[in-house]
Each structure stands twice: as C-alpha cells, then as structure tokens.
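Starting from the given sequences, assemble the full structure and let the hints guide the process.
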Amino acid sequence: MALPKEPRQKMINLMYLVLTALLALNVSAEILNAFKTVDNSLDKTNSTVNISTSNIMESFKTKLSDPTSKAKAEIWYPKAQTAQQLTTDMYNYIEGLRSQILKEADFDPAKKKDSTFKEDNQDIATRIMVKDGKGKELQQKLATYRAAMINLVTPEKKSEFERSLQVDPSMPKGLKGGSKTWEEAYFHMVPTVAALTILRKFENDVKTTENRVVTHLHEQVGKVEVIFDAFEAIVGQNSKYLMPGQELEITAGLGAFSKSKLPTITIGGSNVQLNEKGMAIYKVAAGSIGTHSIPVNVTFVDQDGKTQTRPFNVEYTVGQSNASIALDKMNVLYIGVDNPVTIAASGGGDDKVQVSITGGSGSLTKVGTGKYIARVGSVTDDCRITVSVDGKVAGASQFRVRTVPTPAAFVGGQPSGASVSANILANQEGIAAGIKDFPFELKYSIAEYQIIGLNEEGDIVKASGNGPGFTDQVRRIIKMAKPGDMIQFNNLYCIGPDGRRMKLASLVYNIN
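All residue numbers for the sequence shown refer to numbering that gives the first Met the number 0, where the first residue is 0 and numbers rise by one.
Treat the hints with caution; some may be incorrect.
Unchecked claim - Cross-link-like lysine-lysine pairs, in silico, DSBU-like; alpha carbons within 35 Å at most:
| id | residue 1 | residue 2 |
| --- | --- | --- |
| 1 | LYS179 | LYS130 |
| 2 | LYS130 | LYS117 |
| 3 | LYS60 | LYS391 |
| 4 | LYS130 | LYS156 |
| 5 | LYS43 | LYS239 |
| 6 | LYS391 | LYS370 |
| 7 | LYS78 | LYS157 |
| 8 | LYS391 | LYS365 |
To be verified - Listed next, with one range per pair, are the computed distances between beta-carbon atoms:
| id | residue 1 | residue 2 | range |
| --- | --- | --- | --- |
| 9 | ASN465 | ASN150 | 28 to 34 Å |
| 10 | ASN49 | GLY468 | 41 to 47 Å |
| 11 | ASN91 | GLY235 | 46 to 52 Å |
| 12 | GLU161 | GLN472 | 40 to 46 Å |
Calculated directly from the structure, the hints in this document are not laboratory data. Treat the numbers as computed from the prediction; the structure is a model and nothing was measured. Every residue, glycine too, gets a C-beta built ideally from N, C-alpha and C.
Below is the structure:
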C-alpha cells in the first residue's frame with residue numbers, strides 16, 4: 000500500500016497498518032472500536048474531498064460560459080467528466096462489496112448506524128474476498144482504474160502521477176516476495192469491521208485520485224503551455240465604416256502558433272511583418288466613397304507539418320462625411336461603465352454638432368468640447384454613433400457592445416489554487432474581487448461568502464461572512480488548518496459598480 004504525501008492520509012494509513020498488526024494478537028472490543036474510528040475518519044475525509052471536486056467542476060462550467068476561457072475549457076472539461084465517471088463506477092463497485100459483506104454479517108440497512116452486525120466475524124470477508132474471488136477482481140479493477148486516470152493527465156505529468164497516485168493495487172509493503180496473494184494480504188481472516196475499513200480506505204484513495212486528476216485538468220484551462228490541435232486565423236479591423244482620410248487598421252494572426260514556425264500573412268497582396276505577439280498590423284487611409292474589400296491570406300504550418308492557407312476579405316465602407324468618432328479606451332463599448340468617446344467634425348462649430356447613438360440601448364452625454372460619455376445596456380455587434388453638422392450627417396461609426404468580464408475573487412493577491420500557510424491566510428483582511436488587466440477602474444465589493452475547513456478532529460466546519468472582511472470565527476477555522484488541508488470559500492457573491500449582485504467562482508487554497 001503506497002503512502003500518499005498528504006500528512007492526513009499518512010496518518011490514516013499508519014493507523015490502518017498498526018490496527019492490522021494488532022489483529023494478529025487479539026480481536027478485542029478496543030481494536031474493533033479503533034477500526035470504527037478510522038472508518039469514520041475516512042468517511043469524513045471523503046466528504047471534504049467531494050466538496051472540493053464539486054467546486055472544481057462548477058468552476059469548469061463557469062469557464063465554459065466565459066468567452067476568454069471557453070475554448071480551453073471545452074478541451075479539458077470532457078476529460079474531467081470522464082475522470083468523474085470512472086471514479087463513480089469504481090466507487091460504486093467498492094461500495095457494493097461493502098454492502099455484500101454487511102448483508103452477510105446480518106446488518107439491517109433500515110436501522111442504518113443503529114444496526115448491530117457480526118463485527119468480529121473472521122469468515123465472512125475471507126469467503127467473499129478470497130474464496131469467491133472478489134478480492135482479485137477488486138485488484139484488477141483498481142489497476143484498470145489507475146491506468147485510465149493516468150491516461151487523462153498531460154504527457155509531461157504522467158510520470159509524476161504514476162509515482163504518487165493514491166490508488167495502488169500492488170502488494171502491501173513488507174509482504175512483497177511472500178507466498179500470500181494480494182487479496183489474502185488484505186482480507187484473509189480479518190474481522191468484518193476491519194474489511195469494511197480496508198474497503199473504505201480504497202474508496203478514499205479513489206476519491207483523492209479523482210480530485211488530483213480533476214484539479215490537474217482544471218489547471219490546464221489557465222495555462223499558456225497547451226497542446227494545440229486546432230488552428231484558427233484571426234482577422235479584425237478597427238471599423239467597418241470610415242470617412243475619407245480616416246485610417247483603416249487591419250490586424251491578422253493565428254490563434255495558435257510556434258515562434259519557430261511563424262505564419263506568413265499577406266494583406267492587400269503584400270507580405271506584412273509580424274510583431275512580437277505574432278500579429279500583422281496593416282494600416283491604410285480610407286479613399287474614395289463607397290464599399291471596398293481588402294484580401295487577407297494567413298498561411299501556416301499545422302502540427303502535422305502541412306502548409307495551410309486561410310483566405311479572408313475585409314470589407315469596409317467609406318462615407319461622405321468629415322467626422323471622426325473614436326473610443327478613448329478600447330474599440331468596444333462595455334455595459335455598465337462610462338465609455339469615453341471623442342468626436343471631431345468639420346463644417347461647423349461645436350455648437351452645431353449633434354450626436355446620436357442607436358443599438359445596444361445606448362445613450363450619450365456631452366462632458367466637454369468633442370468629449371462624450373457613452374452608456375450602453377445590451378449586447379450587440381451593431382451599435383452606431385452618428386455625427387451630424389447643421390442637420391446633415393457628417394459621419395457614423397459602428398461599434399460592438401459587450402458585457403464586462405466576470406471578476407475573480409482572491410485573498411491577499413493569491414488566486415484560487417495557490418499554496419499558502421494558514422497564518423498568512425488568516426492574517427489577511429478579507430476577500431477582494433477584481434478584473435485583471437482591464438482598462439476601466441471598477442470597484443467590486445464582496446457581499447457574502449462561506450468558508451469550509453477541518454477542525455482539529457478532522458470534522459468539517461463552516462462559517463459565513465457578510466461583507467469582505469474575515470470574522471474571528473473565520474480566522475479560527477483558517478488557523479486550525481494543517482499542512483495538506485484545503486480551505487475553501489464558497490457561495491461568493493459581490494456587488495458590482497452598477498449595483499448588480501453576481502456570484503463568483505469558489506476559492507480553494509492548499510495549506511502548506
């Protein structure tokens with residue numbers, strides 16, 4: 000039986016080894032009660048691990064709905080679902096063995112924990128697991144499960160998982176090279192309560208393995224080092240509607256590329272040099288009035304060594320106006336924030352300029368000469384700002400309207416999944432939320448949260464907090480955490496700058 004690295008798991012396994020050795024001396028009531036204690040502890044650990052795994056799968060769903068992470072989540076979420084299904088099947092099989100042993104031991108499921116059964120009988124587990132072959136079948140299923148779970152992880156991590164994965168169907172240490180079979184080593188002449196505890200231990204190994212694999216798969220969504228099996232050419236433009244003399248800017252690149260094999264990009268028939276981000280930027284002044292088209296070709300070598308070319312046509316319209324409309328911060332209007340807009344028009348003074356907005360449930364407020372604030376309320380690709388001088392249309396520009404990205408919660412600047420000490424975590428003021436690298440300064444306030452941890456006896460403890468700050472009870476729960484434990488913040492809600500209440504992804508910290 001391989002001992003996992005987590006201190007709590009080491010303690011549980013050591014307790015199991017000591018109690019198994021004591022069986023050779025005498026099956027006393029004290030020993031039977033000790034096995035019950037270990038079994039209960041394993042059951043509570045399973046509950047904690049289940050909560051963590053459930054939170055990770057919920058985070059996967061959040062990432063699937065986020066445009067910035069959807070593509071990666073669609074690759075790794077199905078693998079996580081496979082890991083869950085493999086674990087469910089393996090866990091249910093082991094639980095079925097426990098039920099079979101309990102039934103043979105006259106356990107009454109209707110009475111649940113109040114039912115008595117033949118706890119010290121040494122024949123039941125021996126007959127079912129050794130003589131009837133269920134033990135050998137269990138070993139084979141554990142080996143198959145282990146191989147399938149390792150096959151889900153990334154290639155560079157497989158050797159690490161092969162060394163340290165909790166599920167280990169090999170012969171227990173100290174018995175290798177002997178005459179006993181695996182099933183005899185675990186189940187021959189052991190009392191019923193001991194066999195149930197051993198099976199519970201295997202259930203715990205399976206649940207812990209599931210959590211490790213699902214956590215690893217979830218980490219891939221946020222990593223840069225991913226294996227690309229699809230390539231997508233990206234072509235964009237700063238505007239589809241321009242005035243004569245305005246500058247059209249075309250950006251083109253490849254969604255996945257290697258710096259050793261950069262794509263070749265031609266725009267308007269000419270090769271365009273790539274910048275440090277692998278993007279080609281092409282600028283040209285809008286000319287004659289009317290609709291125009293510029294051809295773009297992105298040529299690249301895929302991971303199979305084949306050269307592929309993706310053709311595009313960038314279309315734009317040049318109007319008859321002498322007005323320019325520019326978004327000061329980004330080329331997208333965001334819902335719920337003040338979007339600064341600069342407008343310049345020739346043919347009349349500022350007092351003769353009229354500005355209107357259509358699409359996106361938008362409104363414009365003048366804040367200075369040529370300066371406006373745009374407020375929008377609905378997502379669209381066709382929000383148009385029109386400028387008129389003396390009642391005549393001088394220009395118009397089309398913009399996209401998007402929602403502000405969902406903020407992420409963090410404690411002390413540490414994102415979810417980080418490893419921190421209990422003291423450092425407990426000494427933080429509380430939970431904050433924000434959007435990384437976003438041009439608008441938006442303030443989010445945590446409205447409420449729930450913390451989940453373990454007390455000194457290994458029982459699950461919870462506490463709730465209103466507002467961002469840590470209460471004394473929350474700090475006590477954090478300080479009780481030992482290395483290897485997890486602290487989780489669930490049911491996180493924050494209030495955005497527009498007053499909307501929104502739910503955030505859970506936080507999980509590994510205590511080191």
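Cross-check of the supplied hints:
Proximity of LYS179 to LYS130 is assessed by CA-CA distance (about 13 Å); at most 35 Å being required, the pair is judged to hold. Taken as a hint, the LYS130 and LYS117 pair is honoured in the structure, with Cα atoms around 19 Å apart against an allowance of 35 Å. For the hint linking LYS60 to LYS391, the alpha-carbon distance of about 50 Å lies beyond 35 Å, and the restraint is violated. Pair hint LYS130 plus LYS156 does not hold up; C-alpha atoms about 39 Å apart against a cutoff of 35 Å.
Distance hint between LYS43 and LYS239 is unfulfilled; the C-alpha atoms sit about 60 Å from each other, more than 35 Å. Between the alpha carbons of LYS391 and LYS370 the distance comes to roughly 20 Å, so the proposed pair stays at or under 35 Å and holds. Distance check on the hinted pair: LYS78 and LYS157 sit about 15 Å apart at the alpha-carbon level, within 35 Å; holds. Note on LYS391 and LYS365: the hinted pairing holds, with a Cα-Cα distance of about 19 Å set against a maximum of 35 Å.
A C-beta distance of roughly 45 Å is found between ASN465 and ASN150, which places it outside the suggested range of 28 to 34 Å. Our hint of 41 to 47 Å for ASN49 and GLY468 is violated, since their Cβ atoms are close to 29 Å apart. For the pair ASN91 and GLY235, the supplied restraint of 46 to 52 Å holds, since their beta-carbon distance comes to about 50 Å. At about 42 Å, the CB distance of GLU161 to GLN472 agrees with the hint of 40 to 46 Å.
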